[in-house]
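Undergrad: From just these sequences and the hints, can you work out the full model?
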Amino acid sequence: MTTMGRKVSMPLSKSSRRKAFICRIVEDVNKNFLLKFPSEFAVYFSSLGLNNIGLHVPLKKTWLGRFVKYIGGTEFTVQIFNEYAVEVDYTKTADIAQAKLHKSRIRPSVMEPLSAISELKKDKLKTIFCYNACSGFEGELEIVIHAKHLGDDELIEFTDLFVTITLTSHLNGLFSLNSRTIKMDSTTLIPEFFKYLTSEDVSSMFLLLPTKFWRMFGSVIPEWFNYVLRNHFRFGGHFEFLERKLSGLRKICDGLRLSSYEKLELLVFTYESGGFFKLSLFDGSAVEVRLDVNEITFGTLFLTLRYPFEFDVRVMPSYMLKNCPGVKLPVQFCSKYSEVLYESMELKLRNGYILRVELDLVKCEMKGFLWFFRDMDLRGGELLLFEYFGRFSFNVYIIGDNGAEISYPDRVHCLQLCLPSIVSVADGGWRFFSTRVTVESIFDEIDAPAEFIERCGLFLPERITYVLSNGKKFDGSYDSQSSRFNGLSKMSNIVGLDTMSVVRNLLLNYDGFKTISISAFDSEQNEVVFPGTPLCMDASGSYPLLNNYFQIIVENKHMSDDCFAVEISNEYNNLSIEWDNFQYLNIFTGLFSWRILVRKRDDHQCPTIEDGWKILRDGLALKVGNVCIFECPTLSYDQFRIRVLEGDHEM
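Under my numbering, the first residue of the sequence shown is numbered 4, with each subsequent residue one higher.
Wrong hints could be hidden among the right ones.
Straight line, CA to CA, 27 Å or less: simulated DSS-like cross-link-like pairs of lysine-lysine [said to hold, decoys possible]: (1) K370 / K281; (2) K351 / K281; (3) K603 / K476; (4) K603 / K617; (5) K331 / K351; (6) K351 / K370; (7) K617 / K560; (8) K476 / K560.
The hints are simulated quantities; they were obtained by calculation from the structure and are not laboratory data.
TA: This is the structure:
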């Protein structure tokens, strides 16, 4: 969906003179006129402690739009007054709006009286009050109202309409408002439409297609089709041509593991050839909800399963020259992290070697490597694996031209006043790199480099557990006779062939026991973060079997602010025996996720939740008497789905 307004963050300030965001015209159950703003604006507005904003609206007459009440969230009630502080006749308001917009593009409900409030007295104090109410604002605002916000049923007719409303703050605190209509280029018609979710949609079993969309594309939509979400979850839908109905929407909650739609606001349906609709989801801030596991950011809850972002760089012989301009970095990495990266960054190796380098994000280059290459005895052909955890440093691993991680030299930088660290398999594992010869076929075996086997072969067990970047685990094996790892074909079943088609290289990291972590890289040398969570459905349609659990019954002591430890009964020792003494557990329900810290003691006392309980409790709105059931699959004893029971009924 094209929009010419740019979304920026609040708050407003004198130093930031222009802000843009999208607002939407809505109604409440009493047919009151509401405007829905992005959450950034609402949060900033509520922080001022104000309940009113004055808007000067120079349409046919000088009107004053007054936000008389901040409802909460992103919604404001609105009353419109003329220059005499008398509330206007909303029927006439619609008539004036019709002079600006074509009749078919006016939401029908706006053309009818939206309230039956009696005429107010001509009291100019009302106007003065509105002046004072908005005096806390500085700078210039731009409210962009796309035509789609005026009506939900005729999207195709709205593709060429765009209304821009600019608000400029004057010294007296009054906002002047000017509007203009802009034609947009719409030469290519995309078969898509959108749906704003309401409380009725939660219980509704179907969705009505917009009339224009139905007329143009209804004939090509099959009776039975599939919905496809960002996390590759698929489920069936049914199309009734004569009724213009799409069914199956309630399964969206199942696909997202949601108990309701309350965290979603907008669904965008794009019809693709082959009989399926792609669904994109947006929250109340008009920001797309990303279903990748490393970007679960709903509300105040945040969890990143895969903390680093990785990319690799092939060492070229030209990098050894004194006049080398710099090492080329992937463009995607530079663009994604340009706002958080520093011009000066540190490279940290496993042996304790630290080197400061300079970043040129415009040219996507890293400069100052010459001493690094010489100190590490690199000649060209090696692979540098960069692991970015945020802040101002990279962890760097060196993969030799044979595909195995090198034996790091026993030295640090000449400016470091310390001794080198001992590098071992037990401290961070050991890695090797494998390149896929062809991406069309499913592979099941990988031959390990001889240098990797020399270092790790004696420790490798016959049974191997593979772990993907999204936390998914599956079984495999190691054949010591052929130095070959088997069972990797299961990876395609888990993440899907479409995802595997972009994978060009695999990095395998052995932890010294029985686990190998797998990272994937595309043709641009960026890490491919597999979608989903450890507990979500695989691309094949199967779910992990949740056959281990523990439960906690919420008591009065668990609800207090000074509750710093929650006990886990010893009757679940068969599960807790798999935990470390200090074990982080990832907890999921739908798109929400939390992390808690469990401490296990050796003195036969029961394990306790030491950190994260209060955030989990408040996020789930737990009450005394609730039963929290934490379930995990075999091999993933740190990944749990939580169910909350109240009496005999599940919440």
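Undergrad: Now look at each hint and say whether the structure bears it out.
TA: Comparing the hints with the structure gives:
no., hint, verdict
1, K370 / K281, "43 Å, violated"
2, K351 / K281, "42 Å, violated"
3, K603 / K476, "24 Å, holds"
4, K603 / K617, "19 Å, holds"
5, K331 / K351, "18 Å, holds"
6, K351 / K370, "15 Å, holds"
7, K617 / K560, "12 Å, holds"
8, K476 / K560, "37 Å, violated"
Checked against the numbered hints listed earlier, the structure breaks hints 1, 2, 8; every other hint is satisfied.
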